[in-house]
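Colleague: Just so you know, the sequences run in chain order A and B. Its first residue numbered 1, the first sequence is counted upward by one per residue in the working numbering. Its first residue numbered 1, the second sequence is counted upward by one per residue in the working numbering.
Source of the hints: derived by calculation from the structure; they are not laboratory data. Among the clues, some could well be false.
[Claimed, not checked] Using C-beta positions, here's what the derived DEER-type ranges look like:
hint, chain 1, residue 1, chain 2, residue 2, range
1, B, 22, A, 4, 45 to 55 Å
2, B, 230, A, 29, 48 to 58 Å
3, B, 22, A, 92, 33 to 43 Å
Ideal Cβ placement from N, Cα and C applies to all residues, glycine included.
Number of protein chains: 2
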Amino acid sequence: MSGDFQEWMSAVQSRMEAALSECLPRAGVAARLHEAMRYAALGGGKRVRPLLVFAAGELVAAKEETLLVCALAVELIHAYSLAHDDLPAMDDDVLRRGRPACHVEFDEATALLVGDALQTRAFELLAAPGLMAPARQLELLATLARASGSLGMAGGQALDLASVGKTLSQPELELMHAMKTGALIRAAVFLGAGCGGRALSEDRRARLDRFAKRIGLLFQVVDDLLDCTASTATLGKTAGKDKAADKPTYVSLMGLSAARDYAGYLHREASFALSGFGARAGRLMALTDFICARQF
Amino acid sequence: MSGDFQEWMSAVQSRMEAALSECLPRAGVAARLHEAMRYAALGGGKRVRPLLVFAAGELVAAKEETLLVCALAVELIHAYSLAHDDLPAMDDDVLRRGRPACHVEFDEATALLVGDALQTRAFELLAAPGLMAPARQLELLATLARASGSLGMAGGQALDLASVGKTLSQPELELMHAMKTGALIRAAVFLGAGCGGRALSEDRRARLDRFAKRIGLLFQVVDDLLDCTASTATLGKTAGKDKAADKPTYVSLMGLSAARDYAGYLHREASFALSGFGARAGRLMALTDFICARQF
Chain A
1 MSGDFQEWMS
11 AVQSRMEAAL
21 SECLPRAGVA
31 ARLHEAMRYA
41 ALGGGKRVRP
51 LLVFAAGELV
61 AAKEETLLVC
71 ALAVELIHAY
81 SLAHDDLPAM
91 DDDVLRRGRP
101 ACHVEFDEAT
111 ALLVGDALQT
121 RAFELLAAPG
131 LMAPARQLEL
141 LATLARASGS
151 LGMAGGQALD
161 LASVGKTLSQ
171 PELELMHAMK
181 TGALIRAAVF
191 LGAGCGGRAL
201 SEDRRARLDR
211 FAKRIGLLFQ
221 VVDDLLDCTA
231 STATLGKTAG
241 KDKAADKPTY
251 VSLMGLSAAR
261 DYAGYLHREA
271 SFALSGFGAR
281 AGRLMALTDF
291 ICARQF
Chain B
1 MSGDFQEWMS
11 AVQSRMEAAL
21 SECLPRAGVA
31 ARLHEAMRYA
41 ALGGGKRVRP
51 LLVFAAGELV
61 AAKEETLLVC
71 ALAVELIHAY
81 SLAHDDLPAM
91 DDDVLRRGRP
101 ACHVEFDEAT
111 ALLVGDALQT
121 RAFELLAAPG
131 LMAPARQLEL
141 LATLARASGS
151 LGMAGGQALD
161 LASVGKTLSQ
171 PELELMHAMK
181 TGALIRAAVF
191 LGAGCGGRAL
201 SEDRRARLDR
211 FAKRIGLLFQ
221 VVDDLLDCTA
231 STATLGKTAG
241 KDKAADKPTY
251 VSLMGLSAAR
261 DYAGYLHREA
271 SFALSGFGAR
281 AGRLMALTDF
291 ICARQF
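Bound conformation, chain A alone:
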């Protein structure tokens, strides 16, 4: 990983932390809810989806301020999903980003409302006036909503819960992950690339879609590898919990070695899909390398 990429990544992460802090109300009315929303959204995380928004924005030389709002919206959707996924009725996890999960630090009702209100705030931000041509903005908003809903992230979480104790085929596992994590990662790429002055050509759109699908899967395969090989301290969330919960993963399906090979294959395919974009795809390439390198 080059020093330049590392620097860019840290800059985006700091900028996101500051912007998230600014866009979430501090106190006043419903002070405890607002405190809990800040707890759930602030304080780190790799900010992979914002990084994808900014990196994809470089393909079309998009404005920083526009990309920032898109990155905030995607990250707030992600933060909402974490607050809800950790609840006892869902994945029942007590640890997130190295700290107690939101419902542990506060309470279940608050964590539920935190997720609800973070989702709302995402769409509110993305509806702000003057961000870009209004018709394009509505398109991006619809893209984010489709990716988050019952045919995307929320539907994938439902499939995930239904898969506990079952043996899924690889296509079933891929569909579940394409929805649960892939859809929002794909949306991050398209939001970033949608911030340019002109719409993408059909051909570029198709290639970007191939890239986005591969990187979504790659992210999940690496996540499965990490859940199996890394420690709870490194992850900042409970390690080995997929196996403990008897959830199907790429590692349980293919074995460790084949899952690593598969990550390598997806990395090559994702990089190949970017090859037609030239130098402007440099950040996306480096980010693909970074996502793949997390496993080591």
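Got chain A sorted already, so can you dock chain B onto it with the hints?
Modeller: Below, chain B alone, put in the same frame as chain A:
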């Protein structure tokens, strides 16, 4: 209540039921989640918020198709809030619209995802292309989001949960209700009135705002009266639960008789705020009468 109003109300209710059914996926992937979303959103309810959207649309002679999408979005937000409010960690209610609550009929995790995905679907629908001038559409979307979030409905629910066992002053009770139910009712009025060809004048906007705030409060006062005086069978939800849960209400704050007087006062104030709009406010007037008459 005139026969004409009754007919109009039934027509809007049927149209909403059909449109909700059409806008929610039937099955395919994540079939159980989609079944549960339909369970939570379909099958009746008075559809007060859609009625307000359509009635307010008459002020500006808005198109039916445009109003329908706004009405769907508001009702989906309302349906999401019911699915979440009934959960054990929140109000813990087992009965809704005369049937088992969503988490009872399905399970808690599903009801949680149902709420999440219904909220997303609301914003997705309101981002559909070709509905109206895109800049106006973004404005209405932001209006709905503000009303639903931590400074509106979700924040009000947080205040409501925090109020259990406490004695609130009337201003505190009104703030809680203005957020919890008032904000979405106000948004319904502004979404309907925002569907016209031109934006409202400042003066008309201010008068409509006075109306919307009064009717939001009126709705809540009547709800409190009903919770105290009607049967579970009539309500289709558990009666007397505010008292059982030791929640402050207008009845516990003022007593039954003064709460009834207050409802009458709000009814007069709401009607007065509409008086400058002329004949086009006929439906909103009739709807105000209807909301007030629910208590008897």
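Colleague: Against the range 48 to 58 Å, how does the distance between the Cβ atoms of residue 230 of chain B and residue 29 of chain A compare: consistent or not?
Modeller: Roughly 31 Å apart at Cβ, these two residues miss the hinted range, so it is violated.
Colleague: That 45 to 55 Å hint for residue 22 of chain B and residue 4 of chain A (C-beta), does it hold up?
Modeller: 51 Å, holds
Colleague: For the hint 33 to 43 Å, verify it against the beta carbon of residue 22 of chain B and that of residue 92 of chain A.
Modeller: 36 Å Cβ-Cβ, so the 33 to 43 Å window holds.
Violated hint for the displayed structure: number 2, the only one.
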